[in-house]
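*Asks:* The primary structure of each chain is shown beneath.
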Amino acid sequence: MTTMIRHHLSDQLLMGYSAGTLPEAFNLVVATHISMCDECRARLASFDAVGGALIEAPEMAGTMGSGALAATLARIKSADESTPVMPERKAAKPVLPQPLQGYVGGDVDKVAWRNVGGGVRQAVLPTSSHASARLLFIPAGAAVPDHGHRGTELTLVLQGAFSDEEDRFGPGDIEIADEDLHHQPVAEAGADCICLAATDAPLKFRGLLPRLAQPFLQI
Amino acid sequence: MFDALQPSDTARQMRGVAATFAASNGRHANGQGQRRVKRDNGGKWVALLDSVAKRRDADAFAELFDHFAPRVKAFLMKSGADAALAEECAQDVMVTVWRKAPQFDATRASVATWIFTIARNRRIDMLRRDRRPEPEELTWGPEAEPDQLDSIVLQQESARLVAAMAELPEKQRIMIERAYFGELSHSEIAEQTGLPLGTIKSRIRLALERLRHSLS
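Just so you know, the protein sequences line up as chains A and B, in that order. The opening residue of the first sequence carries number 1 in my numbering; numbering runs sequentially from there. The opening residue of the second sequence carries number 1 in my numbering; numbering runs sequentially from there.
Just chain B, with the same shape it has in the complex (with noise of 0.2 Å):
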């Protein structure tokens, strides 16, 4: 159901509409008829993103943080930290997310992604877990830019798996939840999750597959 959209209908479509994030975004989740996709904001928020990354716009993280801060608390919460810890950390993760805004790549990650991120590594400090060593970076030269189209599109995707999750079945989404909230150990983790997660990762390895090409 979730992957029956297919990624080329969504990428002829968008040709035809200005690339441009904040225009597009609510428009064309409103002309798939499949599944209504409620809050679809993906866009706005890459553009305020972009905005904090270029000009660093103090207006435009106000926007970002008013939405993105209380979520980071919560997540930090529902991770085992009481409400004055969570508050700072939730600080201190806005504060990166000021200063790493040049490394946010669109084509991989929505802003609500990127920002898990770095609220899950400050968690990891916080409750002094494990260490958790990241993988080699994988980032744009000045050379070469991302695909907006290749953006869009994920920023779409991402705002589905949104509305997918909220489908699940309770049983498998309190599973989810405990797992990223670190209720479980990795062997606790169950194979099968039930998530649609197959148009994401396609996306994802395009685009990197581009990033590759622009590197060799």
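Isolated chain A, as found in the complex (with noise of 0.2 Å):
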């Protein structure tokens, strides 16, 4: 499943969530992409690598407090030895990856959708102010109002797929818009489309309505 995946993150991403410096939106995608994409997983191991690198660079040496190891394995001692439990693998393949069932509670079934006309529903999700993450429903064959962007959005196809003037996007691909591109999304024929959203800066709308609901789609 994972090799049909054409659109990946980028390089600058993956450092920023490498290094966690990520408004906690875009690691909300970031992370959800990884789960489908096995050459991102790789990819982002590579920078972890980066960071251990880093670590063993000579000028990191140094030492600890005096008794810091007794005091670390006093702490290891007291502790209670509870063995980690590894996550179930569920028979059934779920539409919303782990990290994203964390934000909503469970699967799709369990998302409070809201409509925002056209067909389209959205579900804004929990996350620090620094940058907005929403689930995007679009019904096959319907187009999300045509919008420019400030800052960076990320949107990663969860089900179904997608065209706009750039290309198709299917499951696992992800679209990486900035201030150059203005787009319109549609969903393919044939099946509804479920998208992962994350901007760090409001949309900018091209028509009058959108602009005028904007503030209260939160978008």
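Simulated from the structure, these hints should not be mistaken for laboratory data. All of these numbers come straight from a predicted model, not from anything done at the bench. Don't take every hint at face value.
What the hints assert, rightly or not - No farther apart than 25 Å at their CA atoms in a straight line, the calculated lysine-lysine pairs in the BS3-like style are these:
hint : chain 1 : residue 1 : chain 2 : residue 2
1    : B       : LYS44     : B       : LYS54
2    : A       : LYS77     : B       : LYS100
3    : B       : LYS100    : B       : LYS171
4    : B       : LYS54     : A       : LYS77
5    : B       : LYS171    : B       : LYS78
6    : B       : LYS100    : B       : LYS54
Unchecked claim - Some, not all, of what chain B presents toward chain A, calculated at C-beta under 10 Å:
hint : residue
7    : LYS44
8    : ALA74
9    : LEU85
10   : ALA109
11   : VAL111
12   : ASP130
13   : LEU154
14   : SER158
15   : GLU177
16   : TYR180
17   : ALA190
18   : ILE200
19   : SER202
20   : GLU209
21   : LEU211
For each residue, glycine too, the CB sits at the ideal point set by N, CA and C.
Two chains, two frames, some hints: make the complex.
*Replies:* This is how it looks when you write it as structure tokens:
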């Protein structure tokens, strides 16, 4: 299933995720994509290796306070040795990968959708205010209002597919859009499209109606 | 230059030596004329961590602690913690190393890399930074084991990355340090880093394929 993915994370996003400096909404998109994409999982591991190499650099050598090892061993002894719980593997393949399920409280049947017009539904996810994340439900053949971006918008396909001025995006594909891209995603006929979208600045809508509705839609 | 060492050559050579980490490690690193890896201790750390995981070996842990705890502390201080907080959090990180030792997978990370990820997560909590959800776990079940050759090669590649980073132009190295010490926002991170990550990525990709195969 992971071999079908054609649109991957950028090095920039992977390094930011590895360094731990992305806004929460972007972290969620990266974690969800990696759950679906072994290529980017391996790329992330190579960026983590950069962090490991920094830890190993000669200038990082030093000393701990006296008694630090004894104190640490004492803490290890006093803590209960509960064995880590391995995640269960479910038989049926969920639509929402695990990191997302943590935000939704379950799979796609648990999403609290709100209609935003034209059959399109969305659910804003609770993240820090540095960027916003939402799930989008686009009925087969329907379009999202055309919009541009002030910052970066990440759109990850979880189910179905959409096309825009750039390309076609299927399950696991991520579109990374910045100020230069003004697009109108249209869901492919045949299957409803579910996406995870995150943006670090409000979107710019062309039409008057979506613009008026924007404060209420929180996008 | 860095990618010139063919993993397949490495693999062929490795089949000839006893596949114990501690023994094979130094010998092999010296055998590579191309780039002398000054301190290729990767295999030693893997063996020690394995001993912590399987035998709850306090002596092995002490050796890991002496090497890594000060480095974690330095990492946290460079990320903005004062000495006392960094010292306390470095201890937290080492407690986690003890607890999570059984989850370490030497085909996907060096011990330094694995400890870096724990230290990074501790730093996010420590500085109250944005939450960072983890990807779905992908772990070896009890029925299959990771390939030991995969881990040996990955440990060597990780050691080579340390050497390669020391040779990066200073400007690039500083940019990378600033990114990892948390001084750059993601939009300030350059897309081109000059980092030779292709080989490590390909090795891990192979290990993941084997893991997927064992799961199916």
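*Asks:* Against each hint, give a clear statement of whether it holds in the structure.
*Replies:* Right, here's what the structure says about each hint:
no.	hint	result
1	B:LYS44 / B:LYS54	15 Å, holds
2	A:LYS77 / B:LYS100	15 Å, holds
3	B:LYS100 / B:LYS171	36 Å, violated
4	B:LYS54 / A:LYS77	16 Å, holds
5	B:LYS171 / B:LYS78	18 Å, holds
6	B:LYS100 / B:LYS54	11 Å, holds
7	LYS44	13 Å, violated
8	ALA74	5 Å, holds
9	LEU85	12 Å, violated
10	ALA109	6 Å, holds
11	VAL111	8 Å, holds
12	ASP130	4 Å, holds
13	LEU154	9 Å, holds
14	SER158	6 Å, holds
15	GLU177	6 Å, holds
16	TYR180	5 Å, holds
17	ALA190	8 Å, holds
18	ILE200	4 Å, holds
19	SER202	8 Å, holds
20	GLU209	7 Å, holds
21	LEU211	9 Å, holds
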